[in-house]
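Q: Sequence:
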Amino acid sequence: MRVAVAQPASTDDVAANLAEIARLSEEAAGLGAEVVLFPEYATYEKKRLDETFARAAQPLDGPVCSELASIARRHGITLVAGVVEASPASDRPYNTLAAFAPDGGLVAAYRKIHLFDAQGQRESDFISPAPLAQPVTFDAGGVTFGLMTCYDLRFPELAAALVDAGAQVLALGASWVPGELKTEQWRTLSAARAIDNAVFVAGSCQAPPISIGSSLLIDPQGDVLALLGSDPGVVVADLDLARIPSTRLEFPVAEQRRMPSFKD
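Numbering (numbering that gives the first Met the number 0), first residue to last: 0 to 263.
For the record, the hints were derived by calculation from the structure and aren't laboratory data. We put the CB at the ideal spot given by N, CA and C, even for glycine. Hints should not be assumed to be uniformly reliable.
Here are the in silico distance ranges between beta carbons for each label pair [what the hints assert, rightly or not]: (1) 179 <-> 18: 30 to 40 Å; (2) 251 <-> 58: 42 to 52 Å; (3) 252 <-> 228: 27 to 37 Å.
Could you build the full structure based on these sequences and the hints that come with them?
A: Shown next as structure tokens:
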């Protein structure tokens with residue numbers, strides 16, 4: 000399975016963002032990627048959240064997601080991207096990762112659970128948290144992906160729940176807010192979730208200045224397979240799924256867990 004993580008520098012210009020998603024998707028498909036992951040807020044982003052996110056919100060069958068579906072179909076890829084999804088129950092929209100199959104069909108939608116109320120910001124003032132629900136996964140090319148968004152990375156129980164649900168790759172879309180040691184924390188936590196669960200982590204992050212860049216692909220032993228710097232771009236890696244059972248044979252952590260299982 001060849002996976003790409005794309006790193007745009009999204010703005011509040013939705014049309015320009017969709018054009019950049021199309022461009023990076025074409026580049027990733029040209030490199031042989033079967034799955035292309037974009038960050039949270041890939042279609043609409045600003046330095047700080049405000050009331051304009053609600054005005055930019057659309058349902059998952061609206062024009063923005065229709066264009067994402069068209070891009071996936073045009074390049075024959077599974078495309079995952081962060082959108083601002085209108086909520087029928089609130090004037091605060093959802094921060095949603097939407098996944099589209101190569102035929103353009105919507106195969107998964109994950110609404111962010113853990114909103115970023117930290118570092119002097121309050122995502123919850125403008126975004127609705129998802130109700131707690133079952134972990135969100137989807138299959139692509141016989142591989143199961145589990146969806147996480149940004150601040151979720153700091154909550155290892157969500158990663159464990161996704162792996163208990165069958166995820167072999169944690170697909171993480173982020174706009175990781177810059178700050179002291181934040182790049183180091185992003186890389187460390189991404190590697191930790193891979194090592195904790197003996198799975199791959201594919202982390203797509205917005206480029207500076209809004210975010211830190213450093214989009215990455217990590218294997219179950221914590222080895223960084225591919226890493227971007229600060230510039231927008233795309234990088235790919237081949238995920239050898241045999242690394243999962245071999246790592247779990249060497250480190251049978253799941254079998255040795257003494258806390259209650261997330262399956263229970």
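Q: Each hint: holds or not?
A: Outcome of the hint check:
Between residue 179 and residue 18 the CB atoms are about 34 Å apart, so this pair conforms to the stated range of 30 to 40 Å. For residue 251 and residue 58, the Cβ-Cβ distance of about 44 Å falls inside the hinted range of 42 to 52 Å, so the restraint holds. Restraint check, residue 252 to residue 228: a C-beta distance of roughly 32 Å satisfies the suggested window 27 to 37 Å.
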